[in-house]
Amino acid sequence: MLSVTNLRKTYGSGGQAVEAIRDLTLTVDKGEFVCIVGPSGAGKTTMLKCLCGLLKPSSGTVTLDGAPVTGPPKEIASVFQDYSRSLMPWFTVQRNVGLPLRNRYRSAADRAERVATALDAVGLSGFGDRYPWQLSGGMQQRVAIARGLAYAPEILLLDEPFASVDAQTRADLEDLILRVRDDTGVTMLLVTHDIDEAVYLADRVVVMSARPSVVLETVPVDLPRPRDQVTTKRLPRFAELRAHVLTLIRRTALDGAAPTPDQHSTIGARR
Amino acid sequence: MRIVLRLLVPVLLVLLWWTTSAGSTSPFYPPLREVLAAFQESWLFTRLGSDLVPSVTRLLAGLLIATVVGIAVGAALGRSRLLMQALNPAVQFGRSLPGTALIPISVVLFGIGDGSKILVIAFVCLFPVLLNTVDAVRGVDPHLEDVARSYRLTPAQRLAFVLLPAAAPQIFAGIRTALGIAFIMMVVTELYAATNGVGFVTLSARNSFDVPQMWAGTVLLGLLGVALSALFLVLQRRVLSWHIGMTERN
Numbered sequence: 000m001l002s003v004t005n006l007r008k009t010y011g012s013g014g015q016a017v018e019a020i021r022d023l024t025l026t027v028d029k030g031e032f033v034c035i036v037g038p039s040g041a042g043k044t045t046m047l048k049c050l051c052g053l054l055k056p057s058s059g060t061v062t063l064d065g066a067p068v069t070g071p072p073k074e075i076a077s078v079f080q081d082y083s084r085s086l087m088p089w090f091t092v093q094r095n096v097g098l099p100l101r102n103r104y105r106s107a108a109d110r111a112e113r114v115a116t117a118l119d120a121v122g123l124s125g126f127g128d129r130y131p132w133q134l135s136g137g138m139q140q141r142v143a144i145a146r147g148l149a150y151a152p153e154i155l156l157l158d159e160p161f162a163s164v165d166a167q168t169r170a171d172l173e174d175l176i177l178r179v180r181d182d183t184g185v186t187m188l189l190v191t192h193d194i195d196e197a198v199y200l201a202d203r204v205v206v207m208s209a210r211p212s213v214v215l216e217t218v219p220v221d222l223p224r225p226r227d228q229v230t231t232k233r234l235p236r237f238a239e240l241r242a243h244v245l246t247l248i249r250r251t252a253l254d255g256a257a258p259t260p261d262q263h264s265t266i267g268a269r270r
Numbered sequence: 000m001r002i003v004l005r006l007l008v009p010v011l012l013v014l015l016w017w018t019t020s021a022g023s024t025s026p027f028y029p030p031l032r033e034v035l036a037a038f039q040e041s042w043l044f045t046r047l048g049s050d051l052v053p054s055v056t057r058l059l060a061g062l063l064i065a066t067v068v069g070i071a072v073g074a075a076l077g078r079s080r081l082l083m084q085a086l087n088p089a090v091q092f093g094r095s096l097p098g099t100a101l102i103p104i105s106v107v108l109f110g111i112g113d114g115s116k117i118l119v120i121a122f123v124c125l126f127p128v129l130l131n132t133v134d135a136v137r138g139v140d141p142h143l144e145d146v147a148r149s150y151r152l153t154p155a156q157r158l159a160f161v162l163l164p165a166a167a168p169q170i171f172a173g174i175r176t177a178l179g180i181a182f183i184m185m186v187v188t189e190l191y192a193a194t195n196g197v198g199f200v201t202l203s204a205r206n207s208f209d210v211p212q213m214w215a216g217t218v219l220l221g222l223l224g225v226a227l228s229a230l231f232l233v234l235q236r237r238v239l240s241w242h243i244g245m246t247e248r249n
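Those protein sequence lines, which keep their order, are chains A and B.
Residues in the first sequence are numbered from 0 upward in steps of one, following numbering that gives the first Met the number 0.
Residues in the second sequence are numbered from 0 upward in steps of one, following numbering that gives the first Met the number 0.
Among these hints, one or two may not hold up.
EDC-like cross-link-like pairs, simulated, lysine to aspartate or glutamate; straight-line CA separation at most 20 Å [as the list claims (entries may be wrong)]: (1) Lys-48(A) <-> Glu-74(A); (2) Lys-48(A) <-> Glu-153(A); (3) Lys-48(A) <-> Asp-22(A); (4) Lys-29(A) <-> Glu-153(A); (5) Lys-73(A) <-> Glu-144(B); (6) Lys-55(A) <-> Asp-22(A); (7) Lys-232(A) <-> Asp-195(A); (8) Lys-232(A) <-> Asp-174(A); (9) Lys-55(A) <-> Asp-145(B); (10) Lys-29(A) <-> Asp-181(A); (11) Lys-232(A) <-> Asp-171(A); (12) Lys-55(A) <-> Glu-144(B); (13) Lys-48(A) <-> Glu-40(B); (14) Lys-232(A) <-> Asp-165(A); (15) Lys-48(A) <-> Glu-18(A); (16) Lys-48(A) <-> Asp-140(B); (17) Lys-48(A) <-> Asp-81(A); (18) Lys-73(A) <-> Asp-145(B); (19) Lys-48(A) <-> Asp-145(B).
Simulated restraints on C-beta separations [as the list claims (entries may be wrong)]: (20) Met-0(A) <-> Ser-79(B): 32 to 40 Å; (21) Arg-175(B) <-> Ala-252(A): 48 to 56 Å; (22) Phe-231(B) <-> Tyr-104(A): 35 to 43 Å; (23) Arg-137(B) <-> Arg-236(A): 48 to 56 Å.
Since the hints were derived computationally from the structure, they do not count as laboratory data.
Just so you know, these numbers come straight off a predicted model, no measurement behind them.
We treat Cβ as the ideally placed atom computed from N, Cα and C, and that holds for glycine.
Given these sequences and hints, build the entire structure.
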C-alpha cells in the first residue's frame, strides 16, 4: 500500500518560493487502479516525483507498505510523459528494457528472457533490435511501458503517458494498460489531465485542485469491468462521473485552490 | 559521378603543380617529378618504420592520454559545480597557453625523447576534449537522469550507460578538434628537438639543401593528415551510428 500523508512541496525559498503542493493525502491499495486528474499546472508531476522518491517533499510523508520512501524504491517503476526523452536513443529497444534489470539479474540470459516477456506483453515482439527513434510515438511509449513491466514492480506510476500520441493510439494504449493490469495485478497510479481517460481506466479518481494543490475529492468509479472503449463510454453512469469530475476541475481552474479540501465527499459515489 | 566530382579538383591541382614546376630552374621549386622521386626513395618504404611510425605513435599516444584524462576530468567537472569553480581558473590558464611555448620547458625538464613530446601533445589536446566533455555532461537531458535514478542504476551505470553516451557526440567533436591540434604539435615538437620523425626528416632535408626531400616530407604530412582525419570519421561513424541515424531521421 502506498500512502501519502499531508504532502507539501515548495520550490525555492523566501519571497521567490512557489508552493506547488499544499496538502495531499491519499492512499493507493494493492492492485488498485487510481487516476489523478487536475488542471494544468496543478503539480501533478511534482507529486509523482515525490511518490517515486525523485523529489524530497518539503513536509509530509510518503510510505510504501509502512516504510518511508526516501529514494527511488525497487517496488516502483515509472513511465514518464515524454517517451522521446525517457528512452536512451543509443540503445536498442531490448537494451532499453533490459537496462534496469542489470542489478536484478546477473545472467544476461535471464535478463533477455524477462525483456522478451515484457515486449511480448506490449505487443512489440520482433522489435527488440530496433532503435527507439525508428519507432512511432505510440510504439516508443509501449517500450517505456515494457521497461516498467520488466522491472516487475508492485506499483507502476504513469505520468501523463499518453499525452503526446494521437487519439487512436491513445485508446489502444489505454486498453493495453487495462489488459496488463488484469494480467499482472500490478497497482497502477496514473496521472492525466484527460477526464475521460481517468474515468475510463480507474477504480478511483483523485481530483486535485489548481496550484497550490490539495485533494478536492476522491471519486470512486463504479463502472463494470472489463471496460470497453465503446460500451463503457456509452453508459449513462460514465457520463455522470465524467460530468462530476469535469465540474470539479472547471471550478478549481477558475477559483484556484480550495481553502478547505473536502476529501470525504461522497457526491460521486452512488450508494 | 560523385567520385569523379570529388577527385576533379585535386587532380587539376596536381596537374597545375606538375606543369608549372616541370621547367622550373629555381632550386627551391623543384619539378614535381623530382619531388615524387624523393618521396618514393624516402617514404616507400625506407623511412616508414624509422620516422613515420614514431611520429604517428607519439601523436596517437598523446591524443589517447588527452582523451582519457579529458573525459574523466571533464565528466567530474561537469557534474560538480564546486569542482568546476575551483579548477576553472587553472583550466582557462592552461588552455590559453600556446602549445608551442611549452616545448622549451618540456625539453629542459624531460629531454628530447618520446615522453617529452607525447606530454606536450597530450597537454595541448587535453583542453578541447575536457571543455567539450564538461559542456556535454552539463547538457544531458535531466529527464534521462530521472529515468536512471528511478530505476536505481548505480552511479557507475549512470555514467557508462546514460551520461557518457549522451555526451558522446559532443565529446567526439572535441576529440576531432584535438586531432588537428595533435597533428600540428606532432610536427612542431619534431622541428624543435628530435632525432626522428617526419617533421625532423623534413627539417633536416631543408638544412642540407635537399629541397625535393623537404617537399616530399611536406606532401607526406598532407597525406597523413587526410588519412588520420578519414580514419577518425570511420571510427566516429561506428561509435555514433545511433546519433547519425537519429539525426538523419529527424
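Pair hint outcome, Lys-48(A) versus Asp-145(B) [Cα-Cα no greater than 20 Å] | holds, 9 Å
Are Arg-175(B) and Ala-252(A) spaced within 48 to 56 Å by their CB atoms?
-> holds, 52 Å
Holds or violated: Lys-48(A) to Glu-74(A), with C-alpha atoms at most 20 Å apart = Since the Cα atoms of Lys-48(A) and Glu-74(A) sit roughly 15 Å apart, the hinted pair holds (cutoff 20 Å).
Take the C-alpha atoms of Lys-232(A) and Asp-171(A), compute the straight-line distance between them, and say whether it is at most 20 Å.
-> Roughly 15 Å separates the two Cα atoms, so the pair holds.
Hint consistency between Lys-48(A) and Asp-81(A) [alpha-carbon to alpha-carbon, up to 20 Å] | holds, 15 Å
Assess, step by step, whether the Cα of Lys-73(A) is no farther than 20 Å from the Cα of Glu-144(B), and give holds or violated.
-> Given that 20 Å is the threshold and the Cα spacing comes to 16 Å, the pair holds.
CA of Lys-55(A) to CA of Asp-145(B), is that 20 Å or under?
-> holds, 13 Å
20 Å limit on alpha-carbon distance, applied to hinted pair Lys-48(A) and Glu-153(A) = holds, 17 Å
Pair hint outcome, Lys-29(A) versus Asp-181(A) [Cα-Cα no greater than 20 Å] | At roughly 13 Å apart (the allowed maximum being 20 Å), Asp-181(A) and Lys-29(A) satisfy the hint.
Under the criterion that the straight-line Cα-Cα distance not exceed 20 Å, is the pair Lys-29(A), Glu-153(A) satisfied?
-> The hint holds at about 8 Å.
Between Lys-48(A) and Asp-22(A), is the straight-line Cα distance small enough, at 20 Å or below?
-> Holds - the C-alpha atoms of Asp-22(A) and Lys-48(A) are around 15 Å apart, at most 20 Å.
Met-0(A) and Ser-79(B), beta-carbon distance inside 32 to 40 Å?
-> holds, 39 Å
Against the hints set out earlier in the document, a violation occurs for number 13 only.
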